[in-house]
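S.K.: Here are the chains, one letter per residue:
Number of protein chains: 2
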Amino acid sequence: MTDLKTRIEEANAKAFDILRQGKPRLIDVAPALDVLPGMKPNLILHSAPAIAWDDMCGPHRNGIIGAAIWEGLAADPEEAEARIRSGEILTTPCHHHDAVGAGAGITSASTPMLVVENAAFGTRAYSCIAEGGGLRLLKWGYWDQDVLDMLTWQARVFAPVLKAALAAAGPIDLKAIVGRAVEMGDECHNRSVAATALFLRDLYGPMAALDMAEDDIRASIRFLVESEHFLLHAIMAGAKSMLMAAEGIEYCTLVTAMARNGVDFGIKVSGLGDRWFTAPAMEVKGLFFRAEWSYEDAAPDLGDSAITETVGLGGFIQPCAPTVTQYVQADLAQAIANTAEMRQICQGDNPDVRIPAMDFAPGPLGIDIRKVVKTGITPLLDTAITHKDGGLIGAGEVRAPMGCFRDALKAFGAAHG
Amino acid sequence: MTDLKTRIEEANAKAFDILRQGKPRLIDVAPALDVLPGMKPNLILHSAPAIAWDDMCGPHRNGIIGAAIWEGLAADPEEAEARIRSGEILTTPCHHHDAVGAGAGITSASTPMLVVENAAFGTRAYSCIAEGGGLRLLKWGYWDQDVLDMLTWQARVFAPVLKAALAAAGPIDLKAIVGRAVEMGDECHNRSVAATALFLRDLYGPMAALDMAEDDIRASIRFLVESEHFLLHAIMAGAKSMLMAAEGIEYCTLVTAMARNGVDFGIKVSGLGDRWFTAPAMEVKGLFFRAEWSYEDAAPDLGDSAITETVGLGGFIQPCAPTVTQYVQADLAQAIANTAEMRQICQGDNPDVRIPAMDFAPGPLGIDIRKVVKTGITPLLDTAITHKDGGLIGAGEVRAPMGCFRDALKAFGAAHG
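Protein chains in written order, with the working numbering: chain A, 134 to 550; chain B, 134 to 550.
Because the hints were derived from the structure by calculation, they are not lab data. Each hint should be verified, as a subset may be incorrect.
Same chains, same names: a pair is fine if it fits in one copy or spans any two.
Stated by the list, open to error - Okay, derived cross-link-like pairs now, SDA-like style, lysine to any residue, Cα gap no bigger than 25 Å in a straight line:
#1 Lys296 - Ala208
#2 Lys156 - Met535
#3 Lys138 - Leu542
#4 Lys507 - Phe493
#5 Lys543 - Arg355
#6 Lys308 - Thr456
#7 Lys296 - Glu474
#8 Lys296 - Asp348
#9 Lys507 - Ala207
#10 Lys418 - Phe493
#11 Lys308 - Leu333
#12 Lys147 - His362
#13 Lys156 - Thr456
#14 Lys156 - Glu359
#15 Lys507 - Asp485
#16 Lys521 - Ala378
#17 Lys504 - Arg289
#18 Lys296 - Ala352
#19 Lys308 - Glu361
All of these numbers come straight from a predicted model, not from anything done at the bench.
Isolated chain A, as found in the complex (with noise of 0.2 Å):
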């Protein structure tokens, strides 16, 4: 009979060669009701994991009731609080519904959603479209009628363009963009610059040659030059898909999902279901963007977008973005430090990531619980501080803490004896 640990070994070995396979592609963009399994008209996503009303955090309280007066499901803020209590109004995570969500995560049935199937296995994941720039966005939990406007111009204008430009242009290659924008100073988490111009370097010439109303084409360009970070949100939804062909593995110590809800930081592991093991969010720490904040008006750790680090990308291949490592006053040797550390905690390397800096060695993926009970490191992930009554306020790195690893070790141990 085999024993445990070689059976651990190669359920690990599998899934990594899976994450490995997985090959990301942006198909589509349509509303969330049309597409997100088990979406409803008066369902409110946000990012993991889940936590009931009275706990939330400022900007996931705010975006929720900022996307149901969108959504016409309340008339005022007091109407949504009261009819979220009464339940006619639902909330739950985005990750329950094959989504991820940066920041708040707020998704709602009319917001368009970034389809991305994951090639290899046949994986459907999905993410809200960037809102642009500026620092008051309802992902970072802030809404006022210019970002309700935003969000009805989006779902009416700018998602139907870019639907038929992606038609037109064909699946976009998220693996091979991510490839290329980690030789160009992305580590595609704070960073997607790179990635967002070879993404719309591609998209371009379809958008531009569209059969649609010239205004609503321009306007979309002019849209996408403005949003720099755009491509993040695909990349979200291509780690999700890509983590999802490796869910639900026996005796899998691999991690699944990380998701921090601005209380809570969380993760799922492949061998232990679909439950969630959390402790409490970390405070991050960073560059403030304007001098009138400090840490006392952020909020704890928040997002979904820690999918990144889960798939290797971000805080595990930092010496890929120096522009980043500013933003904690830290060197490229820091950086590298913080690689080679990830890399005790991974299960293996991914020749797909290479990182120039340090001549082009591979970046670590698949995080191992095992390991980071052992060695006492936690993922390191690069993210944004957002202020706890919403509204994006700085961006830095913030360790994972070290309790839901633990958790979820010990359940595996009950697991398995």
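Starting from the structure of chain A, add chain B where the hints point.
M.R.: What follows is chain B alone, placed relative to chain A:
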């Protein structure tokens, strides 16, 4: 009375400041005959320094013949050569007409030229349009009917679309683009992928909105999407426009041009007028793009593109572009050592060009012939490898020969006692 050393220091500081203040902006595209000072219908330009027909390398002779046929100055190669020998067709360096040409630098009266103005000093410089991807291009001294057809398409279709798009977009700030591109994996000589992507991101909107034939706009966008290094030629003209402002400063020992014609390597020096100081061109070390090619097939170092190193880009900031360093099988440590060497022969640091892999240290700027001779270190150039009969066959790096710097310093000494 001020001593010579003080005069040199003051002159060099002045020239350095002029280089630092340069603001090259791409403003227009127009036929060479309309914009190049002294251009004539029967004149064909090539990369500098000046050289007689019988002494020219293969790529120059092929390219000039191709251009003569394209311009209708000759019906076939034999007639072209006869007319060159008889003086009916004239040849002269691009540099003598405020232009710079990559590779063979072939430029004739109908060639569409990128017009770059140094907004700080009013100097204007020019470069032909990159011909897109592929190895067999006129700029590499190769021509056939396909090449000539592409030139015709560029002149008749693409240039008018680009001209209109530039007019709509307004001046393109090349300094800002270069400043960002060096943070995104470009050293802006052998690699300008990020610079081109950033440029195109800004240009597509105005281009797509033009009131011109849709097929022409679409074909132009397609051409740009396939031209990964399109912006190099504009960056070269920008460098020339910066250096022109620093020419003719008495007592100045800084280099204002470096160029190679496949036979000679030439430099100009600010305080020494228009004279080229030359030494035999060197063999480029690097990677050949096909197994069939080797050093025996290669022409010696060729092209005006060393104008990028003359303003501190390319080989002077190799750590910005580890992908380029791969051509010579070197690692990041070697690239960093190379930049440290270049710093020894330069007047100062350029805060507008920051090297991410060196914790954003500024690049070196302003080659001083005194320091070159004193240290025995000559400029290191990133560059292409051209086949001796025309065509691109590889890429790598080359050292400038010492002789031209030694001769220039001797001439300087003779002029100033």
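S.K.: Now tell me if each hint is right for this structure.
M.R.: Taking the hints in turn, this is what the structure says about them:
1. Lys296 - Ala208: neither (30 Å within a copy, 51 Å between copies)
2. Lys156 - Met535: Result: close neither inside a copy nor across copies, 31 Å intra and 51 Å inter.
3. Lys138 - Leu542: within (14 Å within a copy, 72 Å between copies)
4. Lys507 - Phe493: neither (28 Å within a copy, 36 Å between copies)
5. Lys543 - Arg355: neither (51 Å within a copy, 56 Å between copies)
6. Lys308 - Thr456: both (22 Å within a copy, 18 Å between copies)
7. Lys296 - Glu474: This pair counts as neither: shortest intra-copy Cα distance 41 Å, inter-copy 52 Å.
8. Lys296 - Asp348: Result: close both inside a copy and across copies, 16 Å intra and 22 Å inter.
9. Lys507 - Ala207: neither (49 Å within a copy, 78 Å between copies)
10. Lys418 - Phe493: Between copies, since 21 Å is at most 25 Å while 28 Å is not.
11. Lys308 - Leu333: both (15 Å within a copy, 22 Å between copies)
12. Lys147 - His362: neither (33 Å within a copy, 40 Å between copies)
13. Lys156 - Thr456: between (28 Å within a copy, 24 Å between copies)
14. Lys156 - Glu359: between (28 Å within a copy, 23 Å between copies)
15. Lys507 - Asp485: Cα proximity of Lys507 and Asp485: none, with 27 Å in one copy and 46 Å across.
16. Lys521 - Ala378: The answer is neither: 35 Å in one copy and 52 Å across copies each exceed 25 Å.
17. Lys504 - Arg289: neither (47 Å within a copy, 63 Å between copies)
18. Lys296 - Ala352: Cα proximity of Lys296 and Ala352: in one copy and across copies (15 Å, 22 Å).
19. Lys308 - Glu361: For Lys308 and Glu361, both the intra-copy (19 Å) and inter-copy (19 Å) Cα distances are at most 25 Å.
In summary, the structure is inconsistent with hints 1, 2, 4, 5, 7, 9, 12, 15, 16 and 17 from the numbered list given earlier, while agreeing with the others.
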